[in-house]
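Q: Top line first, the protein sequences correspond to chains A and B. Letter by letter, the first sequence follows residues 15 to 316 in my numbering. Letter by letter, the second sequence follows residues 15 to 316 in my numbering.
No lab work stands behind these hints, which were simulated from the structure alone. Honestly, I wouldn't trust all of these hints.
Claimed, not checked - In silico DSS-like cross-links for lysine-lysine, where the CA-CA straight-line distance does not exceed 30 Å:
1. K204(B) x K49(A)
2. K315(B) x K49(B)
3. K58(B) x K204(A)
This is what each chain is made of:
2 protein chains.
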Amino acid sequence: MVYIRRSNTRVVTERNLDFKEEFQKKLSIIEDGLKTYLPHEDEKPEIIHQAMRYSVSSGGKRIRPILAMATYEMFDRDVKYILPVACAIEYIHTYSLIHDDLPAMDNDDFRRGKPTSHRVFGEAIAILAGDALLTHAFNVIYESALTYSERMKLYVLAGKEIAEACDSKGLVGGQVIDINSVSIIDTSEKLMDMDIRKTGCLIRASVVAGAIIGGAGSSDILYLNTFGEKLGLAFQVQDDILDYKENEIFPDKPTYTSILGIEGAREYVKKLSKDAIDSLNIFGDKAAFLRNLTMSLIDRKA
Amino acid sequence: MVYIRRSNTRVVTERNLDFKEEFQKKLSIIEDGLKTYLPHEDEKPEIIHQAMRYSVSSGGKRIRPILAMATYEMFDRDVKYILPVACAIEYIHTYSLIHDDLPAMDNDDFRRGKPTSHRVFGEAIAILAGDALLTHAFNVIYESALTYSERMKLYVLAGKEIAEACDSKGLVGGQVIDINSVSIIDTSEKLMDMDIRKTGCLIRASVVAGAIIGGAGSSDILYLNTFGEKLGLAFQVQDDILDYKENEIFPDKPTYTSILGIEGAREYVKKLSKDAIDSLNIFGDKAAFLRNLTMSLIDRKA
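Using the sequences provided together with the hints, build the complete structure.
A: Dropping the structure here:
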């Protein structure tokens, strides 16, 4: 990830060093939380807990929990309330990757340089590890609602946002479209429809859930909803740009670069990230981290 | 299902006719509810909603939602509060069957005389239909908590019971043990451990969730928890008795009949159902339906 962009003036460099430090601080809290809320590997049946932990600890950028936490911190500083929700979101993201990688889906042997769950534990345990992570995510959110009952309604509202985002019209729906995508996706509108479901919904829900648990008002949530929407899509277009291989005429799947061309895709990601950042204007300095995070995601090289 | 048992005296017959009628009435409300809370088949992406509805409408005894509703009605008569939760539980049960039937698991081509989900829709959509039903179940519970916010805490408590029952130490854990069961299960204790997870947890949670949403007190919930535990196990032992084939020396998987013998299994199911019914004593006539349901489940022929 690149934290210093456009200008090398002292001010920008300092601000970005602050961002980098803050990012690492949040990341470290999240990595600890991800371990805390999962059953131990020696709890029975051991193999399922090993499989759950294997995939959760397989790295990844942790964009979704960081977004949830960063948005939350615009309204409240006590991270104990948001941490379980942020981790639940990452468990859901991990379940979706385990199932996406299965032989019946994308049939991927490696993810982030490590063998995929079904390559290590077999297909049956991989399916069940995904099922367990999805269930556990909601278990953790219910638990938080009972532990911090003074914010119970906020957990229910956030839980609803997350469940909706992952349901048959959201995350699962996006994957349904994806497995048939080569034949049916031929316009950027259809590609956008798939990506909004598959990637956008959960990124948007991460931002909104953070705001809800932090006690944000409804107009603030509306702005942040737009921010999450634009960011989610920008993130996906940027992914396609990073995957772009020059002179490749027939990619395996439709992408923004295959439909809009590489320059078209670059223009589009610029517009989306500008829109995302513009929707943070009303928050002023409070949104500095989210602004920097958006820029770092767009400028990322992997 | 056999509703008239042991005696043919007029009183018992009449009581059981009442039971049969009440059972059908509850069943009909549940069947309607199961359709109501699912997205329509023509909502996009259509194929996932077709697959979800295909499996949910593939029959089944609806034991779990009926248990939830019957237990609820001991405390409150307005079924609108329990119906979404009862249906959510049946969605979860359906997801677990779709995933259990997959080629990587039990590899079953038929269930209840109909082709299994992956035989109709392919493996990828079957996995996703299971994922979507599980997610949708929690979505429906959150929605109820927001719609009937005066009972929000009860929905959160019931949701927690259900999520816990389906997590890696419950339903999913039972399936993990099951797929390795031939080699590792050789005592009735180990078999019981698997069945309590795989079948018992969700049956128990159905009973407890019904009581919670109905506003039962904690000592009532404790008795009903015991009832649900005993009933769940009795149900599974009875399943093994019904599957028992005389002279079969090596069944595919360990069962209560292979471990305890057919007579031993029959004794065990009698003891469990007596314990289940005994734990209803403090509820007197209010528990008549649950008592009859228990007897009908134990006397069932399929």
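Q: Check whether the Cα positions of K315(B) and K49(B) lie no farther apart than 30 Å.
A: Since the Cα atoms of K315(B) and K49(B) sit roughly 28 Å apart, the hinted pair holds (cutoff 30 Å).
Q: Between the alpha carbons of K204(B) and K49(A), is the straight-line distance 30 Å or under?
A: Holds, at about 29 Å.
Q: Between K58(B) and K204(A), is the straight-line Cα distance small enough, at 30 Å or below?
A: 12 Å, holds
The earlier numbered hints are all upheld by this structure, with none contradicted.
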